[in-house]
Amino acid sequence: MLQLIRTMAVEKRWVLGLVFGTVAVVFVFSMGWMGMSAPSGVYAAKVNGREILLADYARAYQNQYKQYERLYGEQFNADLAKAMGLRERVLWELVDQLLWVDLATSMGLTVSDAELRDQVTRFPAFQVNNRFDSAHYKRALARAGLAPEVFESSVRQDMLAAKAQELVRAGAQVTRADLVVFAQNPDGDLSEAERAERDQQRLTGLLGRKQGQMLAAFAGQLRAQAELEVFWDAVKTAAP
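Numbering-wise (this note's numbering), the sequence shown opens with residue 1489 and increments by one.
Please note: incorrect hints may appear among the correct ones.
[Said to hold, decoys possible] Computed list of lysine-lysine pairs in PhoX-like fashion (alpha-carbon distance at most 25 Å, straight line):
1. Lys1554 / Lys1570
2. Lys1570 / Lys1534
3. Lys1698 / Lys1651
4. Lys1534 / Lys1724
5. Lys1651 / Lys1534
6. Lys1698 / Lys1554
7. Lys1724 / Lys1570
Since the hints were derived computationally from the structure, they do not count as laboratory data.
Construct all of the structure, not just a fragment, from the sequences and the given hints.
Below, the structure is given as structure tokens:
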């Protein structure tokens, strides 16, 4: 069980991304914006002079914990969360998010109002009969105690970080050596169509792994170059 979760979290983070959905939306609708409490004015980390509030970290941790509970049911518990390093990984994800946004900004990337509007209107949580409903959107945010401009700012930041990540992912390639490995591992008596489908699945999986590895390596470089301070004692109180 632990190995499965670790594999998903490290090698197939894009899968968990699809499962967990956009961070801002999950915060609001799986646990509410005012979820797990933590002392205000206390920091979990500082990144290039910007603070990650302990309360924000606590919400992010509780959100991911609940998502794993939904995925794995009673098999997931506090001991497993500790063994897989969930506390640390959530913190680094928040740190990395700020660093990706900084990178995107330095590259001149932006998210237009039209792009933001298109993204928000696509969220099923804001739709009625499969169509975006403005009144429903405002009521949903109000129930979560969140102003539209705050929510939309969070979504914009997520989209900005995603643009920088996509540029990095685009650098991943399947090499000739990879194709040679495929050729050396035939799957018995397959038809030409079956073999083509199998190879496409393998290539897609390999490319996904390479993209994940490239993102992780690049994030490590961003951390190494950042002015970073983590307050682990405070973090431990928010995610015991």
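Evaluation of the provided hints:
no. : hint              : verdict
1   : Lys1554 / Lys1570 : 14 Å, holds
2   : Lys1570 / Lys1534 : 23 Å, holds
3   : Lys1698 / Lys1651 : 18 Å, holds
4   : Lys1534 / Lys1724 : 16 Å, holds
5   : Lys1651 / Lys1534 : 23 Å, holds
6   : Lys1698 / Lys1554 : 29 Å, violated
7   : Lys1724 / Lys1570 : 11 Å, holds
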